[in-house]
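Keeping their order, the protein sequence lines are chains A and B.
Just so we're aligned, residue 25 is where the first sequence starts under this note's numbering, counting upward by one.
Just so we're aligned, residue 7 is where the second sequence starts under this note's numbering, counting upward by one.
Calculated directly from the structure, the hints in this document are not laboratory data.
Source: prediction; values computed, not measured.
Glycine included, each C-beta is placed from N, C-alpha and C at the ideal position.
Any given hint could be a false lead.
[Claimed, not checked] With a straight-line cut-off of 30 Å between C-alpha atoms, the simulated DSBU-like cross-links for lysine-lysine are:
(1) B/Lys-15 x A/Lys-94
(2) B/Lys-15 x A/Lys-121
(3) A/Lys-80 x A/Lys-121
(4) B/Lys-15 x B/Lys-77
(5) B/Lys-76 x A/Lys-121
(6) A/Lys-94 x B/Lys-63
(7) A/Lys-121 x A/Lys-91
(8) A/Lys-60 x A/Lys-91
(9) A/Lys-91 x B/Lys-76
(10) B/Lys-77 x A/Lys-121
(11) A/Lys-126 x B/Lys-15
(12) A/Lys-94 x B/Lys-77
(13) A/Lys-121 x A/Lys-92
(14) A/Lys-94 x A/Lys-80
(15) A/Lys-94 x B/Lys-76
(16) B/Lys-63 x A/Lys-60
[What the hints assert, rightly or not] Beyond 10 Å from chain A on every Cβ pair, some chain B residues (computed):
(17) Asn-79
(18) Ser-100
(19) Ser-103
Residue-level listing of the chains:
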Amino acid sequence: GEDVEQSLFLSVREGDSSVINCTYTDSSSTYLYWYKQEPGAGLQLLTYIFSNMDMKQDQRLTVLLNKKDKHLSLRIADTQTGDSAIYFCADKVRDDKIIFGKGTRLHILP
Amino acid sequence: NAGVTQTPKFRVLKTGQSMTLLCAQDMNHEYMYWYRQDPGMGLRLIHYSVGEGTTAKGEVPDGYNVSRLKKQNFLLGLESAAPSQTSVYFCASSTSSGEQYFGPGTRLTVT
Numbered sequence: 025g026e027d028v029e030q031s032l033f034l035s036v037r038e039g040d041s042s043v044i045n046c047t048y049t050d051s052s053s054t055y056l057y058w059y060k061q062e063p064g065a066g067l068q069l070l071t072y073i074f075s076n077m078d079m080k081q082d083q084r085l086t087v088l089l090n091k092k093d094k095h096l097s098l099r100i101a102d103t104q105t106g107d108s109a110i111y112f113c114a115d116k117v118r119d120d121k122i123i124f125g126k127g128t129r130l131h132i133l134p
Numbered sequence: 007n008a009g010v011t012q013t014p015k016f017r018v019l020k021t022g023q024s025m026t027l028l029c030a031q032d033m034n035h036e037y038m039y040w041y042r043q044d045p046g047m048g049l050r051l052i053h054y055s056v057g058e059g060t061t062a063k064g065e066v067p068d069g070y071n072v073s074r075l076k077k078q079n080f081l082l083g084l085e086s087a088a089p090s091q092t093s094v095y096f097c098a099s100s101t102s103s104g105e106q107y108f109g110p111g112t113r114l115t116v117t
């Protein structure tokens, strides 16, 4: 069935780059998304990529999509303490269905 | 432009009580969703709506009902609350390309 998988934790030193990875199973994905959730808050859309793109860059964020391997990654350059959060990958498999991963908790080391 | 709002923010219910969670959006989105978030489970879709007057079941619909009488509002009802429904509930609305905008959540405890 349709699934989205992410590793649960990532620790990165402040100032380094963070790379959060995601794999998905559905072949009919049209859009893939990255959301950020800070403690006690709802999910906030960070960025998204259309399935016919390989890369999208937005300031410190770079999204890479390998459609052949069904692999999506989010790179955060110059990671700051404010980037500490849970990051969710999501896959739009059809108009009324978006599947979320379980989230990757990013911890920033001083 | 408030985006997506949810009321209430917190609620404690006794087993068997009922309640309604209200979600409102001011972005004229057709699609609206109710999710629950539990530790280690990620987000699970309860019900969703693709337009005014329509509703559909998601992944975990049992014990919940919904209504979408007006385009901007999506209501989630619990008819007889159970401790297993203790969770954080999120509402979202989305554009046609699927970008979802989430409310701040309702933290529900059922004792």
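Verification of the hints:
1. B/Lys-15 x A/Lys-94: violated, 37 Å
2. B/Lys-15 x A/Lys-121: holds, 26 Å
3. A/Lys-80 x A/Lys-121: Roughly 23 Å separates the two Cα atoms, so the pair holds.
4. B/Lys-15 x B/Lys-77: Cα-Cα ~22 Å, so holds.
5. B/Lys-76 x A/Lys-121: With a Cα-Cα distance of about 22 Å, the restraint between B/Lys-76 and A/Lys-121 holds, given a limit of 30 Å.
6. A/Lys-94 x B/Lys-63: Given pair A/Lys-94, B/Lys-63 holds - Cα atoms ~27 Å apart, limit 30 Å.
7. A/Lys-121 x A/Lys-91: holds, 19 Å
8. A/Lys-60 x A/Lys-91: holds, 23 Å
9. A/Lys-91 x B/Lys-76: The hint is violated at about 39 Å.
10. B/Lys-77 x A/Lys-121: holds, 19 Å
11. A/Lys-126 x B/Lys-15: holds, 23 Å
12. A/Lys-94 x B/Lys-77: violated, 35 Å
13. A/Lys-121 x A/Lys-92: With Cα atoms ~22 Å apart, A/Lys-121 and A/Lys-92 stay inside 30 Å; holds.
14. A/Lys-94 x A/Lys-80: holds, 16 Å
15. A/Lys-94 x B/Lys-76: violated, 38 Å
16. B/Lys-63 x A/Lys-60: Holds, at roughly 26 Å.
17. Asn-79: holds, 17 Å
18. Ser-100: violated, 8 Å
19. Ser-103: violated, 6 Å
The structure shown violates the earlier hints numbered 1, 9, 12, 15, 18 and 19.
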